[in-house]
Every structure is written in structure tokens, then in C-alpha cells.
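Undergrad: According to this note's numbering, the sequence shown holds residues 56 to 152 in order.
Among the hints, a few may not be true.
Claimed, not checked - FRET-style restraints, in silico, Cβ to Cβ:
no.: 1; residue 1: Arg80; residue 2: Pro121; range: 18 to 28 Å
no.: 2; residue 1: His119; residue 2: Asn150; range: 19 to 29 Å
no.: 3; residue 1: Ala149; residue 2: Gly116; range: 39 to 49 Å
no.: 4; residue 1: Met126; residue 2: Thr69; range: 15 to 25 Å
no.: 5; residue 1: Asn150; residue 2: Ala93; range: 25 to 35 Å
no.: 6; residue 1: Asn150; residue 2: Leu59; range: 41 to 51 Å
no.: 7; residue 1: Leu125; residue 2: Leu68; range: 29 to 39 Å
no.: 8; residue 1: Leu75; residue 2: Ile143; range: 16 to 26 Å
no.: 9; residue 1: Leu59; residue 2: Leu92; range: 21 to 31 Å
Honestly, the hints are just simulated from the structure, not real lab data. Backbone N, C-alpha and C define an ideal beta-carbon position, used for all residues, glycine too.
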Amino acid sequence: MDRLMFVLTVFSLTLIGLVLLSVRREHIRVEYSVSWLAAGVILLVLSLNRGLVHWMAEFLGVEHPPIAILMIVSCVFLVVFYRFSIRISALKDANIA
């Protein structure tokens, strides 16, 4: 589990760094970066707080904490992807109009 938490920490810090660098270079707009930054911060909090992971696993009724991490990460990214799908649909409708 320690290796998983370390990899999750590195991944979340890399995600946050890439998003901030992309905003700085104007490759991504600030309003779109908020979702990715929130996802990175959630992953960072999970990776640094082992007690929270065990509590979430117990709350979700999952026997193994790494499976709870996988479920939470999947849900976070599904929310981000859903948000972008809504935005893309709105842009397509505006483009057609």
C-alpha cells in the first residue's frame, strides 16, 4: 500500500504541475483547469492521508483500501469528463447556430 500511495502522490503532483504549466503557457483556459486542479488536489489529499483512505473504504463497504482508492479516482475523473462533455456539447450547439 505504501508504494501505491507514493505513486498516487507523484501522479497527483505531476497532474497539478502540468495543469499549472499549461495555464501559464495559455494552452488551457483557467475555467477548464479548475476541474483538473480539483482532481489533483483530491488525489493528493487521498495519497497523503492513509486514515481517510481506510475510512472511505469502510464507508464504501470495500474490504481493501486500494480498491476504494480506485473507485474514488474513477469517480473523480468521471465527473471531470462529464463536465467537459457538457462544455463540448454546448460549443457544438453554438457552432451549429
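Undergrad: May I ask which of the numbered hints given earlier this structure violates, with the numbers listed in increasing order?
TA: Structure breaks hints 1, 2, 7.
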